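Asks: Single-letter residue listing:
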Amino acid sequence: MSTPTPGQTVGPFFHDALPYPGDSELVPPGRADAVRLHGRVLDGAGTPVPDALVELWQADADGHVPREPGSLRRDGFTFTGWGRSATDDAGHWSFATVAPGSVSGGAPFFALTVFARGLPNRLFTRAYLPGPALGGDPLLGSLPADRRSTLVATADRQGFAFDVRLQGEGETVFLTYPRH
Amino acid sequence: MTDDQLATQAEISAEIATIAGTLGRGASETQPRLDYPPYRSSVLRHPTKDLHQVDPEGIELWAPAFGHRDVGALESDLTVQGRGEPIGERMVVTGRVLDGDGRPVRRQLVEIWQANAGGRYIHQRDQHPAALDPHFTGMGRCLTDDDGTYRFTTIKPGPYPWKNHRNAWRPAHIHFSLFGTEFTQRLVTQMYFPSDPLFDLDPIVQTVVDPRSRERLVAAYDHDLSQHEWSTGYRWDIVLTGTHRTPTEDETEDDA
Ligand SMILES: [Fe+3]
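Protein sequence lines, in the order shown, are assigned to chains A and G.
Taking my numbering, the leading residue of the first sequence gets 1, the next gets one more, and so forth.
Taking my numbering, the leading residue of the second sequence gets 181, the next gets one more, and so forth.
Hints are computed from structural coordinates only; laboratory data are not their basis.
Possibly wrong hints are sitting among the right ones.
Stated by the list, open to error - The calculated lysine to aspartate or glutamate pairs, modelled on EDC-like cross-linking and capped at a C-alpha distance of 16 Å, are:
1. K229/G x D75/A
2. K229/G x D88/A
3. K336/G x D257/G
4. K229/G x D215/G
5. K336/G x D376/G
6. K336/G x E265/G
7. K336/G x D402/G
8. K343/G x D306/G
9. K229/G x E171/A
As the list claims (entries may be wrong) - Negatives, chain G to chain A, calculated, CB over 10 Å:
10. L203
11. D257
12. V260
13. G264
14. E265
15. E269
16. A297
17. Y401
18. H408
19. S411
Owing to the predicted nature of the structure, the values given are computational and were not obtained by experimental measurement.
C-beta atoms are modelled at their ideal positions from N, C-alpha and C, and glycine is treated no differently.
Whole structure, please, built from the sequences with the hints as guidance.
Replies: Written out as structure tokens, the structure reads:
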């Protein structure tokens, strides 16, 4: 067992390096089955965070885990399942993607990583699709009701909305995994 | 806040020392504290509730794949992206990306970004009065090889001022972004240089409260990597957290 290297904040100067053209478009936004997954990153005062970065990793619509390269140079056809979206001045991030299917029978969710200036290490969370499948989910079942709702996206006209609250009222449940 | 209202270095250093005293004797912390008030912008941006431990499932047991269609061969050399030579100390930075069991992380994406030799980023929000270098963007990417090795040619970055407190300076560093073989291993961190006098003064380095863990952020000068009449060399290995997926037969074969 090796000891992991510590994380450090992404800092304020990542915008020229990490974002890239098409980063947040897992599918072309005009495609018939495209949905939007979007939201804000908010701090403990409820103020939008304009220098955050959200990464998305998800199964395809059939619940298959993508194994294809091509996320950095998208061809418009291959679904790679991964993307990133820097927040804008209003703290807003947005992806064009498809709704993930269930992987091995579990409740479908988007896996998200959150980075920001002022955040000493990345945070992991899940944005579950709203729906009846959530009843049997072990993670959601292990949380008190008021916290559970922070992990469930809300359906809107174009897809799903999901705000990330770093701190305070409605603070998002952030995850850690064994062996961290 | 005007610059006059900022805390002094002495005040920040006293806060750093107080927090260092809270690390129990013999205790170890591998990761930074999220709640670290000397790093002022963390005050409203850290979760106050404990991280919730969960067994990774489904998509979390896998990582995105990147390949040579994503990353061009020249992207690992930050000194050839302009039309001329960038100013500063040319150096090679190389090392291995390993998982929590010491296995190489193969053919995976590594991204870096950094200030130029004068401590200036090309980023629009960096407005401190140091020269931009027209031949240096400070951004690079590569894929690890079959041994988990990454390698960049770049320029040694300078320290730079920031407004956390009065007369605050960041030790010279390179930002690194890493992926493992699972979602749970995602890491963004910073690599530092040996014996930097700014370490003890810098609240971002000090978010990692355990001194043994801080050492893991510091590269080693490696004279065998330095090249005659050309560049100096630094070595820095990166260890990601442990994996959870049972390797498939394919992957086991891969590892043999
Ligand atoms: Fe920096």
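Asks: Confirm or reject each hint.
Replies: So, going through the hints one by one against the coordinates:
Of the pairs offered as hints, the one joining K229/G and D75/A is violated, with about 41 Å between alpha carbons and a cut-off of 16 Å exceeded. Restraint check: the Cα-Cα separation between K229/G and D88/A comes to about 26 Å, which exceeds 16 Å; the hinted pair is violated. Between K336/G and D257/G the alpha-carbon distance is near 13 Å, which keeps this suggested pair within the 16 Å criterion. Using a Cα cut-off of 16 Å, the hinted pair K229/G and D215/G holds, with the two alpha carbons roughly 11 Å apart.
Distance check on the hinted pair: K336/G and D376/G sit about 13 Å apart at the alpha-carbon level, within 16 Å; holds. Straight-line distance between C-alpha atoms of K336/G and E265/G comes to about 13 Å, which keeps the hinted pair within the 16 Å bound. For the given pair, K336/G sits about 14 Å from D402/G by alpha-carbon distance, which is consistent with the 16 Å threshold. Taking the CA atoms of K343/G and D306/G, the gap is about 11 Å. The hint holds against a cut of 16 Å.
Restraint check for K229/G and E171/A: the C-alpha separation of about 8 Å stays at or below 16 Å, so the hint holds. The beta carbon of L203/G is kept farther than 10 Å from every beta carbon of chain A, the shortest such distance being approximately 14 Å. Non-interface call for D257/G relative to chain A: holds, since the shortest CB-CB distance, roughly 15 Å, exceeds 10 Å. The claim that V260/G is not at the interface with chain A holds, since no C-beta of that chain comes within 10 Å of its own (minimum 17 Å).
With a least CB separation of 20 Å from chain A, G264/G remains clear of the 10 Å interface cut-off, as annotated. Non-interface call for E265/G relative to chain A: holds, since the shortest CB-CB distance, roughly 21 Å, exceeds 10 Å. Annotated as non-interface, E269/G keeps its C-beta farther than 10 Å from every C-beta of chain A; the closest such distance is 20 Å. Non-interface status of A297/G relative to chain A is upheld: no Cβ of that chain comes within 10 Å, the nearest being about 16 Å off.
The beta carbon of Y401/G is kept farther than 10 Å from every beta carbon of chain A, the shortest such distance being approximately 18 Å. Residue-level check passed: H408/G sits 31 Å from the nearest beta carbon of chain A, beyond 10 Å. Consistency note on S411/G: stated as away from chain A, and its beta-carbon is indeed over 10 Å from all of that chain's, at 22 Å minimum.
In this structure, the earlier hints numbered 1, 2 are contradicted, and the remaining ones agree with it.
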